[in-house]
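As they're listed, the protein sequences go chains S and H.
Throughout, our numbering is defined as the position within the first sequence, counted from one, plus 863.
Throughout, our numbering is defined as the position within the second sequence, counted from one, plus 792.
Worth double-checking, as some hints may not be accurate.
In silico contact screen, one side only, chain H against chain S (beta carbon under 10 angstroms); selected entries [as the list claims (entries may be wrong)]: (1) Gly963; (2) Arg966; (3) Asn967; (4) Met1149.
FYI, nobody ran anything at the bench for these hints, they're computed from the structure.
Source: prediction; values computed, not measured.
Even glycine gets a Cβ: it sits at the ideal position worked out from N, Cα and C.
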Amino acid sequence: MANTVNLKIDGIDISVEAGKTVLDAAKELNIHIPTLCYHEDLCVAGNCRVCVVEQEGARNLVASCAMPAQEGMVIHTNTHKVRNARRHVVELLLSEHNADCTKCYKNTKCELQDLASEMVITEPMFLDLVPEKNYTVDNYSPSIIKDDSKCIRCQRCVRTCHELQHVSALGVAYKGDQMKISTFFEHPMLDVVCTNCGQCVIRCPTGALVEKNYIDQVWDAIYDPDKHVIVQTAPATRIALGEDFGMEPGNIVTGKMAASLRRLGFDSVLDTDFTADLTIMEEGTELLTRLKKVLVDKDESVKVPMFTSCSPGWIKFIEHMYPEFLDNLSTCKSPQQMFGALAKTYYAQKKGIDPSKIVSVSIMPCTAKKFEAARPEMRDSGFQDVDLGLTTRELAVMIKQAGIDFESLPDEKFDSIMGASTGAAVIFGATGGVMEAALRTAYELVTGREVPFENLNITAVRGMEGVREASVKLEGLLPAWSFLEGVELKTAVAHGLTNAHQIMDAIKKGEASYHFVEVMGCPGGCIGGGGQPIPTTPEIRKKRTEAIYREDEGKTIRKSHENPEVQEIYRDFLGEPLGHKSHELLHTHYKPRKRF
Amino acid sequence: MKNVKRVDIIFGAYTQEKYKVLEQALKKSSDQIISEVIESGLKGRGGAGFPTGLKWKYTAQEKELVKYVVCNADEGEPGTFKDREILTRVPRKVFSGMAMCGKAIGAKKGYLYLRGEYLYMLPELMEELELFHNSVKEFNFDFKIEIAMGSGAYICGEESALFESIEGKRGEPRNKPPYPTVSGVFGKPTVINNVETFVNTMMIMRLGVDEFKKLGTSDSRGSKLFSVSGDTPIAGIYEIELGMSLQDFVDEFGDGDTKAVQVGGASGFCVPRKKFKDTIIGFEGVPTGGSMMLFNSSRSMYNVLKNYVEFFEEESCGQCTPCRVGCQQLKKGIEAVKKGEKSAAYLVTLQKLADTMKISSKCGLGQSVANSFSSIVDNFKEEMIY
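Between the sequences and the hints, there should be enough to build the whole structure, so can you do that?
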């Protein structure tokens, strides 16, 4: 069988790999065909019909996203028939759509709006169907708002939730004119299996699924002279924020981000990377302690493998889907929440600020972080530890609102304390990064030597494979850790909840056994998070990942335990990893949830 | 000579020996069965009229080990009720046709997808099915039939939506290609035929190709069951040779005041009185799955059309834009014209929309809404406006 097929599009001959679609082939020719339901990360739906083209010899138009390129095909993408049909499709969508664009969070960032604008639709062709629709808005979740009046039923969200995340919180309900995207018995998103990961949000072409934004609340806090407003920024924000200002994916904008936050008026510009390093200290120690209890003390109440607990999407997933494994979850809070708990205790003490006056803001690549910040478990400082969680996108909006020319900003540094970090912290932003950072520290802790990988780069845990495994043989250990001598430390990494589901099922069935497993809720890890700039594609995620590792390589300190501020906090405040104070502030437990 | 040639083959009595025709047919080779069905000129009886033998041949050519035979008994087209009668009176012929198809294409499993509203038939069908399974066992042929129940959605009569439904998913049409002959139910090569089509294949075996070909015309071989309803004194199911003119049909079944006939149900065409003479019922003219609805002059064609578009508005699966929103717009649009909120010229806009639905909808449902819409609006424009 031939591996290529030859076809003609708009009079131009082209050969493409067998299996490619007409849309793929047109792309190779730089012929733009509009799409709405199509998304590179998802299976083909072919339901919006905006990508229709004319195929010679075919009775009907064909959906180019769903039509395989075939030998001898002759395609026209810009005929009268095609343009009429596309115009009709967009007009129909608009007639069902709450097109009050100026009141929409996605105004100017909407794929339907773009198409309407391209087609110069000024007078509606058809009758307005919206008044009869009884559309509802679900804004109960602290993370995601679902507004059915903006939905075009493309089902990108449904496919995302099912294919990429194995959650299926969103599905199709009813048929015909009543057809809608809904949840289990139309419960609010807050009450169903939704993990708040926001993968649907970054794939929704319109304003039907958006993050709940806290922009005005942050401005109010900044303008309140009585408040001390601090901000922390997650590792993956600094390699993506630039995209919202038209910069190429993969640009590192750490310094500009710090500068912009200072100009926005935050009283202190700090870094989640600091608590990422702290997480490694706590989690690494926890892992070694667990291994001792299991291997030496034979304590059956202690569970391995230990799972990472940084990703709030993953946490909620395990609460719903695998509650029997909750004891396997590291008790460490996520870096955001460690930061929050320390901001209103350690930071407040050191700076002599009344913690009740502190407003703690986080900038996260994540929508689930909003939910996490609101969790009842996260009030160990005596206050809500993190007050307001913003996405990377919301920060970009604030910078634009403030009239700041982002690209021309100078590079500035984070403030201190809780602003210093290492290369090990920044790689938290990419899948495999927590594992790599943990290994760098834990290995050195038990052997007194650096990890035996060139330039500290543990490439086995890097990459975009859904599930990756790596093992490290522990040899020549320091006397205190001799009980681990000869142990082959088995680790695995998964990203995206469908892959998490796979690895969990394998563990559950006894087909796989590990000591330590890193799971990140989003494809690619936090760099592909639901709070990151839109769009997301495999290519964009690759570039962001490369930037993360470049940022790591550029750091002088690349191991968490060498972070001077981390050493300082143990000396001045926490005592030791897993110590009394750590337990109080930095660790927690989660509860099972229902599976619907 | 009568121009409407009624015959009585489909509901003809069973052979004395149980499953005798099937037993004979199973002695033939796969190729022989397929070439006889091709030679007969039989076209699918569900309405679309794809040559049955070719469908079987394409599926037989696929190299997969697992293949399926599916019988579409979702009979949901408004005005069609002949499959109900077949499954009530001669289910044996349906099961036989499925088994023979299994032999022809190399399938060991068949599904009968039964319309949700026909649940009441299940006990008797199961009884016959037991007999069937015993018989094929005796004939040393490995073939099992399972009955899958529909749940009342019209769209599940669309073949790929039907597959989804059998698989336990929401009944939504798939993208084509791939076609069922390559990737049908459970992703395997599948023959899906209408209930009546399977009976016809057994008819070919029993009568022989030559006798079968004597029925009907060169483009439309065989006889066809018609579900006759509406303004007729003799509503019911009739087996008639294909190829008659609509005038002949109306002469036979009309009440003397027939204004229009809807041929092929809601997804079919409306033929007005002035075109009765020139309209042939068959694949050379207006094809039909069997639904023939007669309307006399007391009927408002606006109400007829509104009823159809309401039906489609509700029965669209809702996934593709032209069908989901298009149906709503057609309904609202004719209402607005009727009320005078839109001018008569808006009907032209709606007809253009219907044309777009025809060429850009994902499946046959949305594609065929334009049939009834345009034929009624074209022929009864005054009734739409005044």
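Which constraints among the numbered hints does this structure fail? Numbers only, ascending. none
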